[in-house]
Amino acid sequence: MAKILIVENDDNQRLLYRENFEEDGYQVFEAHDGREAVARVEVDPPNVVVLDINMPGMDGLQTLARIHDLNPRLPVILNSAYAEYKDQFVSWIADAYVIKSSDPKELKDAVRRVLARRALRKKRKR
Amino acid sequence: MRGAGWNDTTLVLLLAGGQGERLYPLTKRRAKPAVPFGGLYRIIDFTLSNCLNSGFKRIYVLTQHQSLSLDRHLRLAWSILQPELGEFIQTVPPQLRLVSRWYAGTADAVFQNLHLLEEERPERVLVLSGDHIYRMDYNRLLQFHIRHAADLTVACTEVPCAQATRMGVLAIDRAARVCAFVEKPAQPTPLPQRPDCALVNMGVYLFRTETLVRAIIADAKGDSAHDFGHNIIPNLVSRRHRVFGFDIVEQCPPERRYWQDVGTLDSYFAATIDLLAAQPSFDLFDATWPVRMYSGQHPPALMRRAGEREARAVDSIVSPGCIVSGGSVLRSVLSPNVFIGAGAVVEESILMPGVRVGDRSHVRRAIVDENVVIPPDMRIGCDHTLDRRHFVITEGGVVVVPEGTVLASSPTRRSANAQAPALCRNALTHPSQCR
Numbered sequence: 001m002a003k004i005l006i007v008e009n010d011d012n013q014r015l016l017y018r019e020n021f022e023e024d025g026y027q028v029f030e031a032h033d034g035r036e037a038v039a040r041v042e043v044d045p046p047n048v049v050v051l052d053i054n055m056p057g058m059d060g061l062q063t064l065a066r067i068h069d070l071n072p073r074l075p076v077i078l079n080s081a082y083a084e085y086k087d088q089f090v091s092w093i094a095d096a097y098v099i100k101s102s103d104p105k106e107l108k109d110a111v112r113r114v115l116a117r118r119a120l121r122k123k124r125k126r
Numbered sequence: 001m002r003g004a005g006w007n008d009t010t011l012v013l014l015l016a017g018g019q020g021e022r023l024y025p026l027t028k029r030r031a032k033p034a035v036p037f038g039g040l041y042r043i044i045d046f047t048l049s050n051c052l053n054s055g056f057k058r059i060y061v062l063t064q065h066q067s068l069s070l071d072r073h074l075r076l077a078w079s080i081l082q083p084e085l086g087e088f089i090q091t092v093p094p095q096l097r098l099v100s101r102w103y104a105g106t107a108d109a110v111f112q113n114l115h116l117l118e119e120e121r122p123e124r125v126l127v128l129s130g131d132h133i134y135r136m137d138y139n140r141l142l143q144f145h146i147r148h149a150a151d152l153t154v155a156c157t158e159v160p161c162a163q164a165t166r167m168g169v170l171a172i173d174r175a176a177r178v179c180a181f182v183e184k185p186a187q188p189t190p191l192p193q194r195p196d197c198a199l200v201n202m203g204v205y206l207f208r209t210e211t212l213v214r215a216i217i218a219d220a221k222g223d224s225a226h227d228f229g230h231n232i233i234p235n236l237v238s239r240r241h242r243v244f245g246f247d248i249v250e251q252c253p254p255e256r257r258y259w260q261d262v263g264t265l266d267s268y269f270a271a272t273i274d275l276l277a278a279q280p281s282f283d284l285f286d287a288t289w290p291v292r293m294y295s296g297q298h299p300p301a302l303m304r305r306a307g308e309r310e311a312r313a314v315d316s317i318v319s320p321g322c323i324v325s326g327g328s329v330l331r332s333v334l335s336p337n338v339f340i341g342a343g344a345v346v347e348e349s350i351l352m353p354g355v356r357v358g359d360r361s362h363v364r365r366a367i368v369d370e371n372v373v374i375p376p377d378m379r380i381g382c383d384h385t386l387d388r389r390h391f392v393i394t395e396g397g398v399v400v401v402p403e404g405t406v407l408a409s410s411p412t413r414r415s416a417n418a419q420a421p422a423l424c425r426n427a428l429t430h431p432s433q434c435r
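Residue numbers (our numbering), protein chains in the order written: chain F, 1 to 126; chain D, 1 to 435.
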């Protein structure tokens, strides 16, 4: 069962993602901000991170860089209400960029896609 | 008009952070780009002069190891641009913004400085290194890059196959598109028109910004040496990006196609001594392509008689502040403030700033680094068995006396006129010897 870390400061959004991903059989972990996410990745890395950008304290792009530093191969999906961050080069470190929506289908597709890509890469390595 | 303004939308990243291990001990206390060259210059001056002469005036110099002397040199020699006009030469030590480690390779140096590209938003990025002595009009490269709608253009030159084994070797098709790129091949692919030569990477890369950013991010996420030559270029070639080779031998006039790798002590020595030829490959006196430098304030060089002994300098560079006092200088380069004593002979050697050669000493095929004091009656480079005790001797037989070495005549052989060097490691009394 793949482990997903949801990094999101909005309680309702987190709840929505938790319910959706658990329904699909994922094991879901939550972090309320960037620092909590980095600490989590350090001790118990998930298989994929879903990362909000606009968060108080350490924002999503800073968090993305820290996660990359800790584990460059850990897939990260940026998930923001704003498309503008796509232009920032740092955001290109992420494996996918999904605009927030009331329907989490696109996000779920992105998670499936990056996990499949990761599995394929691992298989090729073997 | 040069570049029709396109060079204004091109940002230069000059990679100056390498350890320069192959040039050790010249890099013992300074970064490789700060190693003196040709008496008055530093290696980096040649790349920066190319930038200015080509009209590229937005330059970040990415420093890392032993950057103090480089930083000081850039401040003294290169604080000449107009920031009000958007021009700058700015040194950037590692910022540790994205990661918490030193640069792991040339590509990683660019990756860790993504924020510079973010701030400047250039259309193209010219990636250079401070490792070579060369003369090149980057505008020709830029025009070629635009004309070919290239993702990446790699400047290359033709060198004998034997030399190419320690470089990146390219194969290009008739349209100049790179079809193969191999780093340090055992058997370099020869050029069809010149079978004794191969086309080698000069370490000058012009990227479309988006191509560069995507390539270095992908590289940062994988197993890699994070190196342009080993990883980035071969990957772009294998993924069928539009990578072109700009052969300076074909594309540039003879006076703008000199390129010399000074990555090893022997190649550094050869490139320096080549400056002294009657028709040097690199003409420092070419006023159409000046090389800028900073050498400080010094009185003029002085050649004076010492008793009966005449001072002479033949086929040599004698920099300001030097005094040749009844000594002989043959096919050598004297940096500023060098002193040559009476009866001393300096032959085919490079003496860095502040070196003093005592009376009757003989220095032959040697590189003597800054402020080394050679006492009277000493011989360096005349007997490699003795030299090997204290100094580096290159494959080509050049003796290198490192900066900070204090030499003293051997007490056991003091009566002899010609002494082999003995090393006095510290001129001051060591605390352990104080009572």
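Any given hint could turn out to be false.
[Claimed, not checked] Below, a list of computed lysine-lysine pairs in the DSBU-like style, where the Cα atoms sit at most 35 Å apart:
id	chain 1	residue 1	chain 2	residue 2
1	F	Lys125	F	Lys3
2	F	Lys125	D	Lys221
3	F	Lys100	F	Lys123
4	F	Lys3	F	Lys105
5	D	Lys184	F	Lys86
6	F	Lys122	D	Lys57
[As the list claims (entries may be wrong)] Covered by chain D, according to a simulated footprint, are these stretches of chain F (three or more residues, beta-carbon under 8 Å):
id	stretch
7	42 to 53
8	66 to 72
Derived from the structure by calculation, the hints contain no laboratory data. Think of the CB as a built atom: it goes at the ideal place given N, C-alpha and C, for glycine as much as any other residue.
Is it true that the CA of Lys3 (chain F) sits at most 35 Å from the CA of Lys105 (chain F)? 18 Å, holds
Does the structure keep Lys100 (chain F) and Lys123 (chain F) at a Cα separation of 35 Å or less? 32 Å, holds
Please verify whether Lys184 (chain D) and Lys86 (chain F) have alpha carbons no more than 35 Å apart. Distance of about 38 Å is beyond 35 Å: violated.
Against chain D, does the stretch 66 to 72 of chain F show at least 3 residues with beta-carbon separation below 8 Å? Per the Cβ count (3), the hint holds.
35 Å limit on alpha-carbon distance, applied to hinted pair Lys125 (chain F) and Lys3 (chain F): 22 Å, holds
Would the hint linking Lys125 (chain F) and Lys221 (chain D) be met if the CA-CA limit is 35 Å? 15 Å, holds
Is the hinted pair Lys122 (chain F) and Lys57 (chain D) satisfied, with a Cα-Cα distance of at most 35 Å? 45 Å, violated
Count the residues of the stretch 42 to 53 of chain F whose CB lies closer than 8 Å to any CB of chain D, then report whether that count reaches three. violated (count 0)
Comparing the model with each numbered hint stated earlier shows that hints 5, 6, 7 do not hold.
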